[in-house]
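Engineer: Residue strings, one per chain:
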Amino acid sequence: MRAGSNLEKVLAAGRFAVAVEMGPPKGTDLDFIRRKAEHLRGMADAVNVTDNQTAVVHMSSIAAAAVLSQMGIEPVVQMVCRDRNRIAMQSDILGASALGIRNILCISGDHPSFGNQKSARKVYDVDSIQLLSLVKRLRDEGKFLGCDDAVRGPVPMFIGAAANPFAMPYELRAQRLAKKIEAGADFVQTQCVFDVAMFRQWMARVRDLGLDARCSIMAGVIPPKSLRMAEYMKQHVPGIIIPDDIVKRLAGVPKEKAGDEGIRIACEIIEQVREIRGVAGVHIMPIEWEHRVPEIVERAGLLPRPSV
Amino acid sequence: MVKAIRKPLEEIVELVGGRARVLVVGCGGCTSVCLAGGQRETLALAAELAECRRQGRAPIETACWTVERQCDAQYLAELEEMTGKCDCVLSMACGAGAQHLAEAYPALPVFPAVNTTFVGIDRDVGLYEERCRTCGDCMLGYTGGICPVARCAKSIFNGPCGGTHADGTCEVGEVPCAWNAIYERLKGQGRLEGILNFRAPMGWIDKGPGAFVQRGYEPRYPTKQGARQ
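Top line first, the protein sequences correspond to chains A and B. Residue numbers are given in the numbering used here: position 101 of the first sequence equals residue 101, and the series is strictly consecutive. Residue numbers are given in the numbering used here: position 223 of the second sequence equals residue 223, and the series is strictly consecutive.
FYI, nobody ran anything at the bench for these hints, they're computed from the structure. Here a beta-carbon is modelled for each residue, glycine too, at the ideal position from N, C-alpha and C. Watch out, some of these pointers could steer you wrong.
Partial list, derived from the structure: chain B residues whose beta carbon lies under 10 angstroms from chain A [said to hold, decoys possible]:
| id | residue |
| --- | --- |
| 1 | ASN158 |
| 2 | PRO160 |
| 3 | THR169 |
| 4 | ILE195 |
Use the sequences and the hints to build the structure in full.
Structural biologist: Below is the structure:
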């Protein structure tokens, strides 16, 4: 055990793991977090807490994750490279660890131009792969970045990375995952899968490189809530590929039934990726649809969550 | 070279305020080449200023002079007499040149008339593209001659991020994804190994104003050794 988090234990036990993502509020309302998190209790092995997603200001991911911890729901704190330099990052990782947070997802973060602070000075002092190595160094060597200064006390973090099988250059993507594992990734959560065939190809390459044995791979799943959302993601969200037949399915049902169809699609994708060798779990990103997560995990046959 | 763009007239007018005698100083170096602050642009700015002030019934007296390079002290000396006859100076050099001019004539208000934007190339006449952030630790050797600091929207060293579009463009704007381009070029040259290995965090040179002594000139500046290398 590297960190002893529930997510790590579930994966280490060889159980098919479930993570669900939730976003902190755009404000100070803790009840908002508690309400959303209650929907997820018992539905996931860990809950990702996003870090100012889409570069829009939200409550701090560490603060919101600490609230989840207090509720007895295990968080994965997400940390982006966009807003902090290496001093602030290391400081925040120590703080998160001291608050009992045991999982961290290291990602680049959406560019400021997508958010509500378009004129912000972007930081990217270290990139996501360098952040992985920084956390690993704090945890395994007990040392700060670039110096031999010792960290007081352990930093038990189960270290996560993101991977996108659906962005150019496709043939480099598995190798980039190898780089992330080399740097420190214990688990990886992928960009949402709609094109299962393409995901399967990427997984084949991942297995060829032996990466599934070195890192737990969790396939990302987004339930399309409506035809509009699917079309928007297809047209405008970079690095997401949505096959036409999924759009057709959503278009083929009455508008008020599209959400149900979206959940059916998500459940089918979960069942399909679960069959792919080397896939260790799923990462569900409900995008403000936390209340429908119980239905998804139930129908996808992911309940009850194991107690390890 | 350094690239710059003229500030909007309204901003320049505001900077000048009610001053009656203005010296517009062009630069024959970079800003002249990128058509922002050479002799022609000093004359154009002076004319625009004069017209604006005439309409506002606050006439202005302008003089224009373009020096070889504002970043070199030997060319600033020739402004001595002219600076004695003006209430402020508008510098059309880059930020370095404007500061150098301000340093040479500390009693005079020196205002910038251009915005210095980047170090770039001339794609065509009047069309410039950024290529360098002067980060001080050139990575081009392992990135196939394409700078990830200047040309990747996230300036990442172990790219590409997950946002590359299917057509190879960046998720931010209509520019090529630098890392996709790096990959393609290195693949073509058969030397991908440079980007398959982990690249450690950059040692940013961000310690305040940099200065350095060019190799071979060390004996001349013994007290400046190691200022920025």
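Engineer: Each hint: holds or not?
Structural biologist: Structure-based check of all given hints:
| no. | hint | verdict |
| --- | --- | --- |
| 1 | ASN158 | 4 angstroms, holds |
| 2 | PRO160 | 7 angstroms, holds |
| 3 | THR169 | 9 angstroms, holds |
| 4 | ILE195 | 8 angstroms, holds |
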